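Taken in sequence, the protein lines are chains A and F.
For the numbering used here, count along the first sequence from 1 and bump the result up by 96.
For the numbering used here, count along the second sequence from 1 and bump the result up by 96.
Please keep in mind that the hints were generated in silico from the structure rather than gathered at the bench.
Nothing here was measured: the structure is a model prediction, and the numbers come from that model.
A few of these clues could be false.
To be verified - With the Cβ distance kept under 8 Å, some of the chain A side facing chain F (calculated, not the full set):
hint: 1; residue: V136
hint: 2; residue: G148
hint: 3; residue: Y150
hint: 4; residue: A156
hint: 5; residue: E165
hint: 6; residue: G360
hint: 7; residue: S402
hint: 8; residue: F404
hint: 9; residue: L412
hint: 10; residue: M444
hint: 11; residue: H535
Claimed, not checked - Cross-link-like lysine to any residue pairs, in silico, SDA-like; alpha carbons within 20 Å at most:
hint: 12; chain 1: A; residue 1: K488; chain 2: A; residue 2: E386
hint: 13; chain 1: A; residue 1: K356; chain 2: F; residue 2: D445
hint: 14; chain 1: A; residue 1: K540; chain 2: F; residue 2: G483
hint: 15; chain 1: A; residue 1: K356; chain 2: F; residue 2: G504
hint: 16; chain 1: A; residue 1: K540; chain 2: F; residue 2: S538
hint: 17; chain 1: F; residue 1: K540; chain 2: A; residue 2: Q406
hint: 18; chain 1: F; residue 1: K559; chain 2: F; residue 2: S538
hint: 19; chain 1: F; residue 1: K356; chain 2: A; residue 2: R517
hint: 20; chain 1: F; residue 1: K356; chain 2: A; residue 2: E505
hint: 21; chain 1: A; residue 1: K545; chain 2: F; residue 2: S441
hint: 22; chain 1: A; residue 1: K356; chain 2: F; residue 2: W506
hint: 23; chain 1: F; residue 1: K540; chain 2: A; residue 2: A515
hint: 24; chain 1: F; residue 1: K540; chain 2: A; residue 2: R414
hint: 25; chain 1: A; residue 1: K540; chain 2: F; residue 2: K545
hint: 26; chain 1: F; residue 1: K545; chain 2: A; residue 2: Q406
hint: 27; chain 1: A; residue 1: K545; chain 2: F; residue 2: K328
hint: 28; chain 1: F; residue 1: K540; chain 2: A; residue 2: G514
hint: 29; chain 1: F; residue 1: K356; chain 2: A; residue 2: P308
hint: 30; chain 1: F; residue 1: K328; chain 2: F; residue 2: D445
hint: 31; chain 1: F; residue 1: K540; chain 2: A; residue 2: Q518
hint: 32; chain 1: F; residue 1: K356; chain 2: A; residue 2: S441
hint: 33; chain 1: F; residue 1: K488; chain 2: A; residue 2: T154
hint: 34; chain 1: F; residue 1: K540; chain 2: A; residue 2: R517
hint: 35; chain 1: F; residue 1: K540; chain 2: A; residue 2: S402
hint: 36; chain 1: A; residue 1: K540; chain 2: F; residue 2: L361
hint: 37; chain 1: A; residue 1: K488; chain 2: F; residue 2: T154
hint: 38; chain 1: A; residue 1: K540; chain 2: F; residue 2: T154
hint: 39; chain 1: A; residue 1: K573; chain 2: A; residue 2: E215
hint: 40; chain 1: F; residue 1: K356; chain 2: A; residue 2: G504
Glycine included, C-beta positions come from ideal geometry on N, C-alpha and C.
Number of protein chains: 2
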Amino acid sequence: MNRRNFLKYVSIAGASLGLSGCAVKQFSFGPRQRKPNIIVIFADDLGYGDIGPYGHPTIATPNLDRMAEQGQKWTSFYAAAPVCSPSRSALMTGRYPIRLGTDESVFFEWSADGLPTEEVTIAQALKNAGYATGCVGKWHLGHLSRFLPTNRGFDEYYGIPYSNDMRVDPNMKVAKDVNFRESATLEKMRNPENRKGGWVPLMEGEEVVEYPCDQTTLTGRYTQRCVDFIKKNSDNPFFLYMAHSFPHVPLFASEEFSGKSRRGLYGDVVEELDASVGRILDTLHEQELENDTLVVFTSDNGPWLSKFEQGGSAGLLRGGKGQTYEGGMREPGIFYWPGRIAAGSVVMDIGTTMDLYKTFCSLACAKTPDGVQLDSFDLSPALFGSGSSPRKTFFYYRYREIYAVRHGEWKLHFITQGAYRQGEPKTVHNPPLLYHLGHDPSEKYNVAKDNPEVVEEIKQIAKEHSESFVPGESRYKKRFDWKDS
Amino acid sequence: MNRRNFLKYVSIAGASLGLSGCAVKQFSFGPRQRKPNIIVIFADDLGYGDIGPYGHPTIATPNLDRMAEQGQKWTSFYAAAPVCSPSRSALMTGRYPIRLGTDESVFFEWSADGLPTEEVTIAQALKNAGYATGCVGKWHLGHLSRFLPTNRGFDEYYGIPYSNDMRVDPNMKVAKDVNFRESATLEKMRNPENRKGGWVPLMEGEEVVEYPCDQTTLTGRYTQRCVDFIKKNSDNPFFLYMAHSFPHVPLFASEEFSGKSRRGLYGDVVEELDASVGRILDTLHEQELENDTLVVFTSDNGPWLSKFEQGGSAGLLRGGKGQTYEGGMREPGIFYWPGRIAAGSVVMDIGTTMDLYKTFCSLACAKTPDGVQLDSFDLSPALFGSGSSPRKTFFYYRYREIYAVRHGEWKLHFITQGAYRQGEPKTVHNPPLLYHLGHDPSEKYNVAKDNPEVVEEIKQIAKEHSESFVPGESRYKKRFDWKDS
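Let the hints inform the model, and build the full structure from the sequences given.
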């Protein structure tokens, strides 16, 4: 038995035989026998129920269907927050946003702060382990140079710095050939008419390269960038973070997809994302990289329900964006790695975007940062079929408080609130509400009275968690003084 | 080119070349080159969202997942009524229940009537075309001998004659070895304690063979009967109607499945149904019949929501059993026929259980009854990928009225009502409510004001339909006088 076959066998059996777990895991089944590539495809405001594998009846997603059929579908996979910046900060660091000070709001075009620069992003961790790193799409963790992807562990960046309904910051660096000052006057931006989409800048590295960004071609351009990145790095391990700008409103589809879906514009946009997923998977296949690459598909938070037909659907889950009901934070979670992940497998255990940090570090033999309290679990046992997810508990934070806690199948709500940007009436529940998410995934039946010992146990878990650390200072206080809304 | 290959080519191309459409279709791709077998697996009160392919997060249905992945998932497939007997009468006849007089209620143990005997059931039509016909499971179209399956086109019958929450009719024929009179006294049956499940009779042919029926082993026994039927008929075309008694309440799972699901007892029961589906598909594979057999999986109506955790979920659809919102009548609809139906295909067109009548007759070269107005469309173009579903319009009947009409993606509600057996407040809408089911599958946004011409068009369609026939006389008036509830 030569060394290559020996290692392959070890890897299949999952036994370490004296090798470190990490050393074993770096050997995948593809022809290159190297550290695996990692791709995260991250949608924006996509609901749990918005794609075929999660039951949407009128949005056609043949590529995501294929990804789930040939990969693994998680049915309890969570974003770490029900809104954008906190959710993304947790994905990047493997930590609850409350530790980072990014939990309270989202960054705006007038924000003068970002994800704390002392945090070690997953891109930095993987870069330190020899990975080429690329970020394509929406960032939303600070748009000043020191907060941008190229200063946070990514070799390259192409995308919009925050949400696609935001405007430009007149202080931003601008490429020489962009006629920026003319269209970005404060006067123009203060006109509400000019906020109806299309006033977000497109960046390359740390410079604005297009303003206003043409959003109709954005998904296609992101996809091309990603295809190029994969091809360019086909001979060395890479980490690609592909953060789509959609289906966050305002919605734009390309000419090819406009008017094609039964679901209207929202469906057109999601079907274009699906086609993009197909191009990524096809590129991996063409480059003979599919057996060397883990692809993860998920989203940053639930659907923006108050946008009516332009908002998505959380399927059978209650609530949406901004809420700590399941619909606000539970997301599609599809893991794809032919040869390593069992085709058509379904995982009902708990996983979160924070867990990607340790999972990726484990697969990549990357060092996790010293002296940092991670809120991350290595999901490998569940992904590769050797066991269950190590995560048993999840805290649903909103603003700076624990609104709810999931522990096993139980979920205890201390606070709930209404739909995002619809007044959001906040209700404190004393006694708290208890739901069994296994029996009652739609959070309809409060069973607190019948299970007082469960209520007490979860209250204690929340108390111990809160007392175990000091929240980070809010990162939403530093602002440029031109803010006008 | 020999005759066999010639016909295969014709069948693939879908061209008739002078042969009748029927003659072409009888040739399937399996080794036997004969008329295809047909199996309908019919669940009871299963919701649109209750299985993996339609997005349930805590019920594991690996066999239905496989059936959808290797077959075809319909996302707008309807039962013809939101409650049991009307729905089943439509499946059996390809006609709206209002034509049959079966629309107003459901049959009870004191009912002295049934599906009109002059109606030609799909079993009769297929039997006339040379099919062996078997019925296993819940019937619910009349429990007196002349209404039972063996007098309505089926060679054999094994199952319960109506819902599993009903009691015995003391007038029924009983097998010699069954101690029936002792346990079936009116006094015992009048005791509400004795209604808590388990007081339904099990029949073989036209005789009660077990009373009270042990429901814990019912799914397994049905499955074994079906496996035996398939094996017995492996050399001639057969039609098997497998109508499960669950997940209608009261719920019973076998020892093997009890307590196994994350969804509680409801999940246990559905997971046992899923395992049953697996056994059927495995049997077809073992018997080398899978390329010769069309298998259809669907349900009779939506989830019984007022049963709380013991009722199912319609997923993202509004409403449930007894209602004419989508959740009451739209069902999982999975079609499986390896070699004929494209694996992993998804159909978003409209189909109904009534359409199975013409579809099956077409596949089987069976004659449809003369002089009978069928409400059935041959779904073959959509099933086999040559075109779209011919059905464009669907009437949602409740009691003896049209409550709603779907026409294309539009749905107009004239009347809506509350959850089944929860008071069911009825609301007449004048002007009617208009929803776009493509854009708004959850029926949230009434867009009647913006689309007055659509409202008028659908009103006219409903009027013409209603004026085109005389409703059948109600079949729920003849009763035994021992009725006591």
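Taking the hints in turn, this is what the structure says about them:
Because the closest C-beta pair between V136/A and chain F is about 22 Å apart, greater than 8 Å, the hint is violated. About 7 Å separates the beta-carbon of G148/A from the nearest beta-carbon of chain F, less than 8 Å, and the hint is met. Because the smallest distance between the Cβ of Y150/A and any Cβ of chain F comes to about 4 Å, under 8 Å, the interface hint for this residue holds. Using the Cβ-Cβ criterion of 8 Å, the hint placing A156/A at the interface with chain F is satisfied: the shortest such distance is roughly 7 Å.
With a cut of 8 Å, the hint placing E165/A at the interface with chain F holds, because the nearest CB-to-CB distance is about 5 Å. Against a cut-off of 8 Å between C-beta atoms, the interface hint on G360/A holds, since the closest Cβ of chain F lies about 4 Å away. Taking 8 Å as the C-beta contact cut-off toward chain F, the hint placing S402/A at the interface is violated, the least distance being around 12 Å. Of the supplied interface hints, the one on F404/A holds, with its beta-carbon coming within about 6 Å of a beta-carbon of chain F, less than 8 Å.
Because the smallest distance between the Cβ of L412/A and any Cβ of chain F comes to about 5 Å, under 8 Å, the interface hint for this residue holds. With 8 Å as the threshold, the beta carbon of M444/A comes within range of chain F, its nearest partner Cβ sitting at about 6 Å, so the hint holds. The closest approach between the C-beta of H535/A and any C-beta of chain F is roughly 4 Å, which is under the 8 Å cut-off, so the hint is satisfied. With a CA separation close to 31 Å, the supplied pair K488/A and E386/A exceeds the 20 Å bound.
Between the alpha carbons of K356/A and D445/F the distance comes to roughly 15 Å, so the proposed pair stays at or under 20 Å and holds. Pair hint K540/A plus G483/F does not hold up; C-alpha atoms about 41 Å apart against a cutoff of 20 Å. Between K356/A and G504/F the CA atoms are separated by roughly 15 Å; this keeps the pair inside 20 Å, and the hint holds. Note on K540/A and S538/F: the hinted pairing holds, with a Cα-Cα distance of about 17 Å set against a maximum of 20 Å.
The straight-line distance between the Cα atoms of K540/F and Q406/A is roughly 13 Å, inside the 20 Å bound, and the hint therefore holds. A distance of roughly 26 Å separates the Cα atoms of K559/F and S538/F; the hinted pair therefore is violated under the 20 Å criterion. Among the hinted pairs, K356/F with R517/A is inconsistent with the structure: their alpha-carbon atoms are about 41 Å apart, more than 20 Å. For the hint pairing K356/F with E505/A, the CA-to-CA distance comes to about 14 Å; that is within 20 Å, so the pair holds.
A distance of roughly 46 Å separates the Cα atoms of K545/A and S441/F; the hinted pair therefore is violated under the 20 Å criterion. Our distance criterion of 20 Å between C-alpha atoms is met by K356/A and W506/F, whose separation comes to about 17 Å. At roughly 15 Å between alpha-carbon atoms, K540/F and A515/A fall within 20 Å of each other, so this suggested pair holds. Between K540/F and R414/A the CA atoms are separated by roughly 14 Å; this keeps the pair inside 20 Å, and the hint holds.
Taking the CA atoms of K540/A and K545/F, the gap is near 33 Å; set against the 20 Å cutoff, the hint is violated. Restraint check for K545/F and Q406/A: satisfied, since their Cα atoms lie roughly 19 Å apart, inside the 20 Å limit. Distance restraint check for K545/A and K328/F: the Cα-Cα separation of roughly 54 Å exceeds the 20 Å cut-off, and the hinted pair is therefore not satisfied. At roughly 17 Å between alpha-carbon atoms, K540/F and G514/A fall within 20 Å of each other, so this suggested pair holds.
Of the pairs offered as hints, the one joining K356/F and P308/A is violated, with about 55 Å between alpha carbons and a cut-off of 20 Å exceeded. Note on K328/F and D445/F: the hinted pairing is violated, with a Cα-Cα distance of about 36 Å set against a maximum of 20 Å. Our distance criterion of 20 Å between C-alpha atoms is met by K540/F and Q518/A, whose separation comes to about 16 Å. With a C-alpha separation of about 18 Å, the suggested pair K356/F and S441/A falls inside the 20 Å cut-off, and the hint holds.
Note on K488/F and T154/A: the hinted pairing holds, with a Cα-Cα distance of about 16 Å set against a maximum of 20 Å. Between the alpha carbons of K540/F and R517/A the distance comes to roughly 19 Å, so the proposed pair stays at or under 20 Å and holds. As the CA atoms of K540/F and S402/A are separated by approximately 12 Å, the hinted pair is consistent with the 20 Å bound. Proximity of K540/A to L361/F is assessed by CA-CA distance (about 17 Å); at most 20 Å being required, the pair is judged to hold.
The hinted pair formed by K488/A and T154/F meets the criterion: a straight-line CA distance of about 16 Å does not exceed 20 Å. Only pairs whose Cα atoms come within 20 Å are accepted, and K540/A paired with T154/F is accepted, the gap being roughly 15 Å. At most 20 Å may separate the alpha-carbon atoms for a hinted pair to count; K573/A and E215/A meet this at roughly 19 Å. Note on K356/F and G504/A: the hinted pairing holds, with a Cα-Cα distance of about 15 Å set against a maximum of 20 Å.
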